[in-house]
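> Chains as they are written, first to last, in the numbering used here: chain A, 1 to 236; chain B, 1 to 232; chain C, 1 to 250.
If you're looking for bench data, these hints aren't it; they were derived computationally from the structure.
Just so you know, even glycine gets a beta-carbon here, dropped at the ideal spot from N, CA and C.
Among these hints, one or two may not hold up.
[What the hints assert, rightly or not] So the derived label-pair ranges between C-beta atoms look like this:
1. A:Arg125 to B:Arg85: 22 to 30 angstroms
2. A:Ala109 to B:Leu216: 35 to 43 angstroms
3. A:Ala8 to B:Glu231: 14 to 22 angstroms
4. A:Arg125 to B:Trp15: 17 to 25 angstroms
5. B:Trp135 to C:Ile101: 43 to 51 angstroms
6. C:Pro73 to B:Leu54: 54 to 62 angstroms
7. B:Leu116 to C:Ala97: 35 to 43 angstroms
8. C:Trp113 to B:Glu168: 56 to 64 angstroms
9. C:Pro33 to B:Trp135: 54 to 62 angstroms
10. B:Leu116 to C:Asp7: 56 to 64 angstroms
11. B:Asn5 to C:Asp7: 52 to 60 angstroms
12. C:Ala234 to B:Val120: 51 to 59 angstroms
13. B:Gln30 to A:Gly160: 19 to 27 angstroms
14. B:Val169 to C:Ala234: 30 to 38 angstroms
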Amino acid sequence: MIKINNLAKNYGLNPVLRDVNLQVEQGEFVTLVGPNGAGKSTLMRIVATLIKQTSGNVTIGGWPLPQRADKVRRHIGLVSHQSMLYGDLTAAENLSFFARLYRLDDAAARVQQALKTVGLLARQRDPVSTFSRGMVQRLTIARATLHGPDVLLLDEPYTGLDQDAAQLLDDLLLRERGNGRTIFMITHDLVHGLDICDRVVILNRGKIMADIDSKQTTPTEFLDLYAAHTGRKKHE
Amino acid sequence: MNNSNQLSTFWAAVWAVVWKDLQIEKHTRQTISVMIMFSLVSVIMFNFALEANLAAAREVATGLLWSTILLAGTLGLNRSLAIERENQTMEAVLMAPIDRSAIYAGKVISISLFSLALEVVLIFIFIVFFNKPFWRPQVMLILVMGTIGYIAAGVIVTSMTIQTRTREVLLPVLLLPLSLPLVLPASIAVSAYMFPQLPDWGEVQGAISVVAIYDLLMLAAGFITYHYVVES
Amino acid sequence: METTRLDRNIRILNWAAGIALVIALGMVFFYAPVESTMGNVQRIFYFHVGSAWVGALAFFVALVGGGIYLRKPERKWDTIAVAAVEIGLVFLTMATAAGSIWGKPAWNTWWLWSPRLTLITIAWLTYAAYFMLRGAIEDEEKRGRFAAVYVIVAFVTIISTYISIRILRDIHPVVFGGMAESAQGAEQGLQEFEQGVESMKMVITLNVSVVAFTLMFAAWMANRIRLQYLMDNANHLKMRVAARLQGGKA
Chain A
1 MIKINNLAKN
11 YGLNPVLRDV
21 NLQVEQGEFV
31 TLVGPNGAGK
41 STLMRIVATL
51 IKQTSGNVTI
61 GGWPLPQRAD
71 KVRRHIGLVS
81 HQSMLYGDLT
91 AAENLSFFAR
101 LYRLDDAAAR
111 VQQALKTVGL
121 LARQRDPVST
131 FSRGMVQRLT
141 IARATLHGPD
151 VLLLDEPYTG
161 LDQDAAQLLD
171 DLLLRERGNG
181 RTIFMITHDL
191 VHGLDICDRV
201 VILNRGKIMA
211 DIDSKQTTPT
221 EFLDLYAAHT
231 GRKKHE
Chain B
1 MNNSNQLSTF
11 WAAVWAVVWK
21 DLQIEKHTRQ
31 TISVMIMFSL
41 VSVIMFNFAL
51 EANLAAAREV
61 ATGLLWSTIL
71 LAGTLGLNRS
81 LAIERENQTM
91 EAVLMAPIDR
101 SAIYAGKVIS
111 ISLFSLALEV
121 VLIFIFIVFF
131 NKPFWRPQVM
141 LILVMGTIGY
151 IAAGVIVTSM
161 TIQTRTREVL
171 LPVLLLPLSL
181 PLVLPASIAV
191 SAYMFPQLPD
201 WGEVQGAISV
211 VAIYDLLMLA
221 AGFITYHYVV
231 ES
Chain C
1 METTRLDRNI
11 RILNWAAGIA
21 LVIALGMVFF
31 YAPVESTMGN
41 VQRIFYFHVG
51 SAWVGALAFF
61 VALVGGGIYL
71 RKPERKWDTI
81 AVAAVEIGLV
91 FLTMATAAGS
101 IWGKPAWNTW
111 WLWSPRLTLI
121 TIAWLTYAAY
131 FMLRGAIEDE
141 EKRGRFAAVY
151 VIVAFVTIIS
161 TYISIRILRD
171 IHPVVFGGMA
181 ESAQGAEQGL
191 QEFEQGVESM
201 KMVITLNVSV
211 VAFTLMFAAW
221 MANRIRLQYL
231 MDNANHLKMR
241 VAARLQGGKA
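Between the sequences and the hints, there should be enough to build the whole structure, so can you do that?
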């Protein structure tokens with residue numbers, strides 16, 4: 001679903017990503033981890049069609065980026081640690097706005113359905129600024145999946161969530177995966193989300209260091225691998 | 001996709017942006033109320049500067065009206081475009097499969113609507129304070145045209161300044177000089193309507209044409225360049 | 001290799017501009033006739049028009065540089081735009097100063113807030129603000145991109161200003177237009193000077209000054225671009241040295 005070949009990105013003369021190769025198959029859940037400054041966000045922003053690479057090829061669903069960003073955009077949804085929601089609008093209004101931007105048929109019904117799925121139907125008329133962090137994150141997922149994207153992108157989704165909210169997010173992600181969505185997540189958090197994904201990729205200093213099958217690896221083994229590849233302490 | 005379909009997709013996106021801005025304003029009433037409050041204070045300050053000399057104030061009423069609109073406009077522009085940056089909502093909008101110029105058109109329309117709402121209030125105030133015929137439809141038409149051109153330039157410039165280090169401070173420094181080639185003829189045209197008898201069309205034709213040309217060119221510049229401003 | 005050839009071309013341009021300027025000066029003082037109503041002070045007119053012309057040309061060059069930069073974000077197009085705006089501002093300042101000196105005897109005041117003069121001041125401020133925008137952005141790519149957009153927007157105001165000057169009633173005479181109009185405009189601008197040979201001499205002098213100023217503009221552009229190129233090179237070397245030193249320590 002996502003194919004990345006020889007990807008490089010420079011900021012000025014600074015290389016941020018170097019020769020990145022990565023494939024995410026349809027229906028797969030891949031997590032990319034790495035310390036701060038490894039280039040994770042840059043990689044995510046390229047895949048999310050928000051910035052252009054310096055060189056290399058990226059295709060999503062067979063469409064090359066950045067040339068066919070218009071096609072790709074229909075098929076991806078992004079959940080980031082920033083809510084990307086208007087605090088002054090109600091939950092329902094936020095979703096209606098994005099339904100209009102994507103020109104969805106049956107917008108009203110879809111918005112109701114999405115609110116129900118994330119359990120916010122009762123609060124739909126309240127402004128998002130009055131929501132807790134966990135509720136905001138649920139609404140963010142509703143926003144990102146409203147147009148039924150094939151690929152769900154997650155950019156540090158656990159930031160600022162408490163234990164219960166993180167658990168809820170895990171459940172929602174498992175459900176999205178059950179719906180056949182391809183999920184690509186980046187995080188610097190080694191505690192959450194590793195047990196529910198298929199593969200973990202380690203990125204350090206703009207390069208991919210390891211590609212690990214998470215079903216075959218115990219958490220301790222993984223932490224050792226992470227420390228070995230990034231040269232950092234286990235809980236950073 | 002055929003052309004008419006693309007066109008309706010474009011206008012659907014424009015309308016979505018306008019609808020969203022109007023909803024936010026309906027909930028908070030922040031942009032318009034800040035603009036109106038600021039304008040009231042400005043008008044009073046201008047009068048104070050003229051030492052409450054009503055005769056002098058009347059002479060310069062047109063200039064005062066435009067200055068107030070320009071300054072209040074920078075507040076509206078900053079506020080409305082800051083909303084898009086708050087929770088990085090702009091990124092979600094940019095990830096939608098829409099033309100970037102639709103975002104531009106939407107922001108120009110909604111901020112112009114806020115400014116026009118302000119101008120309705122200002123016209124009342126100016127009629128009361130200065131006893132000049134600001135109610136004339138020709139005056140309102142020139143105000144509408146001037147506002148569109150000003151906001152058309154303002155949305156491009158504010159979308160840039162909001163991404164710089166100095167943000168709000170930089171906006172008036174860039175935008176006010178850019179808008180004066182529009183406001184000078186617009187102000188000349190409005191002044192021509194401040195006398196009891198209406199001016200000949202030939203008298204105002206030139207000034208109004210310059211305003212129209214500025215509007216068209218600035219909107220064209222915005223449509224063409226906006227994606228360079230919001231994308232990287 | 002590249003730089004030596006560049007240097008030679010610049011040297012040729014410098015000489016050409018210098019010689020043209022000397023010729024123009026000679027013509028202004030010894031060839032052009034004394035204008036009948038204004039007297040000798042009218043001779044500043046040739047500099048005034050020459051600088052104003054270069055100002056407009058420079059802003060147009062900046063527009064082109066900015067436009068190309070947006071399509072093809074290469075450093076050199078940004079450099080051309082910066083150089084053009086800088087030089088345009090200098091010439092606009094010169095035009096204003098020369099106009100002011102001429103205005104004193106003509107209108108009996110150094111300055112008037114007539115629409116045309118106001119708009120020229122605004123144009124000056126518009127392009128001065130270009131550097132404030134650049135100064136507020138650290139990222140080189142973004143700086144170039146925003147500066148290019150700004151230069152396009154600024155040129156829209158230059159077009160409006162140009163049209164305003166044509167349309168709005170003003171004390172200031174109109175000189176530039178088409179070729180024929182230009183000669184006619186010069187006559188209007190010079191008010192009552194004699195027809196025939198004398199007037200032709202003025203038109204010729206004016207055209208020579210405009211050419212000389214254009215050459216001077218070209219030479220300044222070349223020098224300014226080279227300067228930027230050397231500055232970039234020096235910065236690049238500095239960064240490499242810094243990287244080497246850091247690498248040595250680690």
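> Hint by hint, say whether it matches the structure.
Going down the list of hints, with the structure as the test:
no.	hint	result
1	A:Arg125 to B:Arg85: 22 to 30 angstroms	holds, 26 angstroms
2	A:Ala109 to B:Leu216: 35 to 43 angstroms	holds, 41 angstroms
3	A:Ala8 to B:Glu231: 14 to 22 angstroms	holds, 19 angstroms
4	A:Arg125 to B:Trp15: 17 to 25 angstroms	holds, 22 angstroms
5	B:Trp135 to C:Ile101: 43 to 51 angstroms	holds, 46 angstroms
6	C:Pro73 to B:Leu54: 54 to 62 angstroms	holds, 56 angstroms
7	B:Leu116 to C:Ala97: 35 to 43 angstroms	holds, 42 angstroms
8	C:Trp113 to B:Glu168: 56 to 64 angstroms	violated, 29 angstroms
9	C:Pro33 to B:Trp135: 54 to 62 angstroms	holds, 57 angstroms
10	B:Leu116 to C:Asp7: 56 to 64 angstroms	holds, 58 angstroms
11	B:Asn5 to C:Asp7: 52 to 60 angstroms	holds, 57 angstroms
12	C:Ala234 to B:Val120: 51 to 59 angstroms	holds, 58 angstroms
13	B:Gln30 to A:Gly160: 19 to 27 angstroms	holds, 26 angstroms
14	B:Val169 to C:Ala234: 30 to 38 angstroms	holds, 31 angstroms
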